[in-house]
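*Asks:* Whenever a hint applies, use it, and build me the whole structure from the sequences.
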Amino acid sequence: MRLRALLENDALGLRLLGGEDELDRTVRGVMTTDLKDPSRYLSGGELVLTGLAWRAEPDDSEPFVRILASAGVAGLAAGEAELGDIPDDLVQACSRHRLPLFAVNESVAFATITEHVVRQVSGERAGDLAAVVDRHRRLMTSGPAGGGPEVVLDLLGTDLDLRAWVLSPTGRQIAGAGEPLPAPLAATLAGEHLAATRTGRRGPHRLSTGGTAYSLFPIRNTGRGAAPASRDVRETVLSDWLLAVEADAGEWPAARLDLLQGVTQLIAVERDRRDAARTVRRRLAQEVLELVQTGAAPAEIAARLRVAAPVLLPGLGSAPHWQVVVARVEWEQEAGQSTAVDGGPVAQALLEEILVDPATVGAESADRIAVAHSGDEAIALVPLAAGPLPDSEDENPAPALGLHADALLAAVRAPLSAGLADDGRLTLGVSAAVHSAEGLRGALEEARHARRVAAARPGRVCAAGHHELASHVLLLPFVPDDVRRAFTARLLDPLRDYDRRHRAELIPTLEAFLDCDGSWTRCATRLHLHVNTLRYRVGRIEQLTGRDLSRLEDKLDFFLALRMS
Numbered sequence: 002m003r004l005r006a007l008l009e010n011d012a013l014g015l016r017l018l019g020g021e022d023e024l025d026r027t028v029r030g031v032m033t034t035d036l037k038d039p040s041r042y043l044s045g046g047e048l049v050l051t052g053l054a055w056r057a058e059p060d061d062s063e064p065f066v067r068i069l070a071s072a073g074v075a076g077l078a079a080g081e082a083e084l085g086d087i088p089d090d091l092v093q094a095c096s097r098h099r100l101p102l103f104a105v106n107e108s109v110a111f112a113t114i115t116e117h118v119v120r121q122v123s124g125e126r127a128g129d130l131a132a133v134v135d136r137h138r139r140l141m142t143s144g145p146a147g148g149g150p151e152v153v154l155d156l157l158g159t160d161l162d163l164r165a166w167v168l169s170p171t172g173r174q175i176a177g178a179g180e181p182l183p184a185p186l187a188a189t190l191a192g193e194h195l196a197a198t199r200t201g202r203r204g205p206h207r208l209s210t211g212g213t214a215y216s217l218f219p220i221r222n223t224g225r226g227a228a229p230a231s232r233d234v235r236e237t238v239l240s241d242w243l244l245a246v247e248a249d250a251g252e253w254p255a256a257r258l259d260l261l262q263g264v265t266q267l268i269a270v271e272r273d274r275r276d277a278a279r280t281v282r283r284r285l286a287q288e289v290l291e292l293v294q295t296g297a298a299p300a301e302i303a304a305r306l307r308v309a310a311p312v313l314l315p316g317l318g319s320a321p322h323w324q325v326v327v328a329r330v331e332w333e334q335e336a337g338q339s340t341a342v343d344g345g346p347v348a349q350a351l352l353e354e355i356l357v358d359p360a361t362v363g364a365e366s367a368d369r370i371a372v373a374h375s376g377d378e379a380i381a382l383v384p385l386a387a388g389p390l391p392d393s394e395d396e397n398p399a400p401a402l403g404l405h406a407d408a409l410l411a412a413v414r415a416p417l418s419a420g421l422a423d424d425g426r427l428t429l430g431v432s433a434a435v436h437s438a439e440g441l442r443g444a445l446e447e448a449r450h451a452r453r454v455a456a457a458r459p460g461r462v463c464a465a466g467h468h469e470l471a472s473h474v475l476l477l478p479f480v481p482d483d484v485r486r487a488f489t490a491r492l493l494d495p496l497r498d499y500d501r502r503h504r505a506e507l508i509p510t511l512e513a514f515l516d517c518d519g520s521w522t523r524c525a526t527r528l529h530l531h532v533n534t535l536r537y538r539v540g541r542i543e544q545l546t547g548r549d550l551s552r553l554e555d556k557l558d559f560f561l562a563l564r565m566s
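Sequential numbering of the sequence shown, starting at 2, is according to the working numbering.
It should be emphasised that the hints constitute simulated quantities derived from the structure, not laboratory data.
For clarity, every value in this text was computed on a predicted model and none was experimentally measured.
C-beta atoms are modelled at their ideal positions from N, C-alpha and C, and glycine is treated no differently.
Some hints could be false.
[As the list claims (entries may be wrong)] Derived EDC-like pairs (lysine to aspartate or glutamate); straight-line CA-CA distance at most 20 Å:
1. LYS37 with GLU9
2. LYS556 with ASP516
3. LYS556 with GLU543
4. LYS556 with GLU506
5. LYS37 with ASP60
[Stated by the list, open to error] Taking CB as the label site, the calculated pair distances span:
6. GLU446 with GLU180: 37 to 47 Å
7. GLU512 with GLY443: 45 to 55 Å
8. GLU247 with ARG504: 36 to 46 Å
9. ASP22 with GLU180: 38 to 48 Å
10. ARG491 with ASP516: 18 to 28 Å
11. ASP22 with GLU247: 30 to 40 Å
12. ASP35 with ARG5: 20 to 30 Å
13. GLU9 with GLU180: 36 to 46 Å
*Replies:* If you want it as structure tokens, here you go:
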């Protein structure tokens with residue numbers, strides 16, 4: 002809006018005192034202040050309202066007006082309630098700096114002017130942005146995108162003063178205007194969105210964290226050509242992007258909400274386009290997987306890998322190492338539900354996201370990951386740049402290349418757990434790196450076996466790696482629960498009962514003794530005990546259980562009982 006439009010509204014009670022030649026200035030906002038120096042709160046284009054409480058003497062007007070003019074404000078409106086007529090020194094200072102000056106009648110509240118300006122400015126911005134968004138939508142739906150989601154987010158920032166980011170279900174930033182969101186905050190927003198979506202609440206979802214309000218909009222393509230809406234939210238909840246806006250949309254008018262919904266559909270078109278681009282990589286992974294599972298000759302598998310390598314690692318001179326990752330998403334079937342949710346496509350989309358470095362910004366960062374799905378399983382073929390394998394026998398080996406199970410899920414466990422809620426589980430297994438087609442079949446079985454180890458653990462999101470398959474830890478999850486209980490009770494219950502009655506700390510003593518490999522001196526030092534006191538406690542343990550801690554078999558039984566308890 003223009004400054005002159007304010008004079009056309011009699012309800013605002015404004016009277017022009019100077020600056021008639023500057024009335025075509027654009028008003029982009031409004032600010033009320035009585036600070037002597039409000040520069041830190043000014044960004045340019047504001048109508049500044051003041052009650053003149055900052056003016057103690059005539060000499061105060063010149064520096065105040067100079068600050069406003071330097072900040073590029075549109076005009077100054079001074080209230081008459083405090084001093085009556087506006088002081089001449091203020092009128093003269095505004096004239097020197099060519100700053101339009103209005104007098105506000107004492108019967109008119111600043112809130113009335115503020116509400117009018119905000120309503121007019123917001124309406125104009127929303128109309129302009131809606132037109133741009135509509136034009137951009139037509140461009141994106143009819144041909145290649147002109148800049149992607151970042152263009153729309155820039156428009157939200159410049160035309161509606163809204164900071165916004167596109168996030169994946171794991172909280173990774175796909176796009177954003179300006180500074181990126183801190184990773185912990187992005188994960189929190191993604192988790193809140195997933196949890197709210199699972200409850201069936203309609204978006205936008207709102208939350209406040211760190212004193213800042215955010216509104217979360219689901220990104221789905223509901224226009225022409227969009228995929229049919231899922232009847233079960235669990236089919237899409239772990240793969241949909243979201244738009245996080247730094248604002249509370251609870252009081253927004255319907256027009257602004259409709260505009261943001263249009264923005265999400267616009268971004269969804271780009272999401273669908275990028276998903277379609279994954280078709281080639283998915284097909285490559287499917288072809289390699291079928292060859293591996295059917296026992297094809299290594300030469301045939303190697304030929305397919307040579308085709309896949311340039312697509313997944315463009316410009317790579319030599320054949321890479323490969324790693325296999327297997328994921329499974331399982332949902333408990335609801336009462337009365339005739340068919341279970343197909344977890345294969347869900348796991349496929351989710352694994353494509355999980356395998357991207359959480360610190361990587363942008364959607365194209367997943368372009369080097371090929372994921373197939375077979376039944377309820379998703380299987381990823383991950384190329385690794387050539388380097389030493391983890392079992393290298395070099396005297397000074399480089400750090401082991403490849404993915405590690407624990408690190409893989411560390412950054413995404415919290416938001417995914419929110420999306421899985423009380424009826425879903427994600428389990429994941431990671432193979433060792435292999436450098437030839439001959440090793441892929443074993444890598445696939447290794448990853449599947451590691452996933453089964455992860456599935457035997459408690460928790461909504463679990464992972465296991467190949468290094469765990471050569472340890473006693475592999476065996477423990479598969480011991481039946483009743484056998485576990487009977488075994489641990491027989492060995493440890495007598496000690497627990499004695500500790501409860503006498504506060505003797507036999508269980509901690511046993512753990513420390515085993516951890517010190519049966520060394521009396523090291524164990525006594527760790528527990529801050531005299532060696533004779535330690536010998537007395539160990540003797541009591543042997544007496545209560547009928548075991549001999551000098552025997553390897555009895556030490557091993559105690560060790561396993563403590564691990565399973």
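*Asks:* Taking the hints in turn, state whether each one holds.
*Replies:* Now for the hints, and whether the structure bears them out:
In summary, the hint linking LYS37 to GLU9 is not supported, as the alpha carbons are separated by about 30 Å, beyond the 20 Å threshold. A C-alpha spacing of about 11 Å is found between LYS556 and ASP516, which places the hinted pair at or below 20 Å, so the restraint holds. For the given pair, LYS556 sits about 11 Å from GLU543 by alpha-carbon distance, which is consistent with the 20 Å threshold. For the hint linking LYS556 to GLU506, the alpha-carbon distance of about 18 Å falls within 20 Å, and the restraint holds.
With a CA separation close to 12 Å, the supplied pair LYS37 and ASP60 stays within the 20 Å bound. Remark: the range hint 37 to 47 Å for GLU446 to GLU180 is upheld by a beta-carbon distance near 45 Å. A hinted range of 45 to 55 Å is violated for the C-beta pair GLU512 and GLY443, which are about 37 Å apart. One distance hint, 36 to 46 Å for the beta-carbon pair GLU247 and ARG504, is violated here, with the actual separation near 55 Å.
Range check, ASP22 to GLU180: about 39 Å between beta-carbon atoms, so the 38 to 48 Å window is met. A C-beta distance of roughly 22 Å is found between ARG491 and ASP516, which places it inside the suggested range of 18 to 28 Å. Evaluation of the 30 to 40 Å hint for ASP22 and GLU247 yields a pass: the beta carbon distance comes to about 38 Å. Distance hint for ASP35 and ARG5: a CB-CB separation of about 26 Å, consistent with the stated range 20 to 30 Å.
Between GLU9 and GLU180 the beta carbons are some 40 Å apart, a value that agrees with the proposed interval 36 to 46 Å.
The structure fails hints 1, 7, 8 (numbered hints given earlier, in ascending order).
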